[in-house]
Amino acid sequence: MLIVVLWIMAILSIMVLSFGQAMRVEMQISHSYTDQLKALELAKSGIARALADLTADATDYDDRDDPWYSNEETYREVPLGDGTYTLLNVRYTDDTAPSFGFTDEAAKLNLNTATREQLVWLPGMTEELADAIVDWRDTDDVSGPQGAESDYYQSLERPYYCKNAPFETVEELLLVKGITREVLYGEDLNRNGVLDPNEDENGDGVLNRGLIDFVTAYSQEPEQTGRTTGSSGQQQQPQQQQSTQGLVNINTAPYEVLLALLEGSEDSARAIVDYRDSTAGISENAEWVRRAVSAQQYTRIQNLITTRSYQFRVQSIGKLTGKPVFKRIEAVIDRRSSPFKVVYWQDITHLGPPIAFEDANGVTRNDQ
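Residue numbers (this note's numbering): 1 to 368.
Treat the hints with care, as some may be off.
Said to hold, decoys possible - Straight line, CA to CA, 30 Å or less: simulated BS3-like cross-link-like pairs of lysine-lysine:
| hint | residue 1 | residue 2 |
| --- | --- | --- |
| 1 | K38 | K341 |
| 2 | K341 | K44 |
| 3 | K163 | K177 |
| 4 | K323 | K44 |
| 5 | K323 | K38 |
| 6 | K163 | K323 |
Quick caveat, the hints were computed from the structure, so don't treat them as lab data.
Can you make the complete structure from the sequences, with help from the hints?
Here you go:
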């Protein structure tokens, strides 16, 4: 009888221990889930902050002096509740340190309006890729010289049809013939705009950004009968009807985008950048471009440029203080209507932490 009692006690002890262990695991899972939710809400707060700051922007033009362009003091590790949020953006002229703020979508070449002759001048682009991009977005079934239509895509192991419609996101490029993740994202595996030690695949010490930082599917201005480009500030009605989609902000576009816009005119692209960098007080309208390039070059691009941006890409990272828990959200904000709208939302936490954070003791951590 005593042996039976001992066996029963042993079994009960094992059951109690197992139950206790299960409860501890459940509590850990519950705490982890709660922490993830908190980090997500912090990241959402960063997006809300971006919406508020863009709403408060009352200027009629956008340039690199705007507070949203690059502002570490304002947008890095902003304390809120149990953690912080950080707004990360991309700076084209520096790949040695992260930048904080918003990314101007009008500083990029629009995939839906760029010509083949412009696309081929983008970094990493080839004539074959440019033809395939044009074939993907056009409405016909006729392939370009080196492009692809549905007959090609239907021959793949996992067949699908050529879209023959405008791009809705930049990531859609991955469906286009020849566009690989390496072509689209370059060496920037964690999408932080910095050449990290594990990303310098070719050993040249320069970040290959891929196409992702130079193209957009979102840039578009509100519908209007005319637009302000002259120094007088009066509406100029073009002789031909112009699309308001894909205008490039001449105040913020990097050299690479200007080179593509100008179809490979290196001297003119460099002249625009140099004049912009050396001359103050010119951002209100695009008339200053007349003084930077020849009359012929200005005539070519005058209806393709603007000084106002309406879409902004925001990368928000919510981080709990003192814990290796974070969430990372990327969104695109469109401010053509009131209230402003979020037209793109993607959880990119899987890419890892883009920067080193400080824990509760002020120690830099990057072990998430």
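Structure-based check of all given hints:
1. As the CA atoms of K38 and K341 are separated by approximately 23 Å, the hinted pair is consistent with the 30 Å bound.
2. Restraint check for K341 and K44: the C-alpha separation of about 14 Å stays at or below 30 Å, so the hint holds.
3. For the hint pairing K163 with K177, the CA-to-CA distance comes to about 12 Å; that is within 30 Å, so the pair holds.
4. Under the criterion of a C-alpha separation no larger than 30 Å, the hint pairing K323 with K44 is consistent with the structure, at around 18 Å.
5. For the hint linking K323 to K38, the alpha-carbon distance of about 12 Å falls within 30 Å, and the restraint holds.
6. The straight-line distance between the Cα atoms of K163 and K323 is roughly 44 Å, outside the 30 Å bound, and the hint therefore fails.
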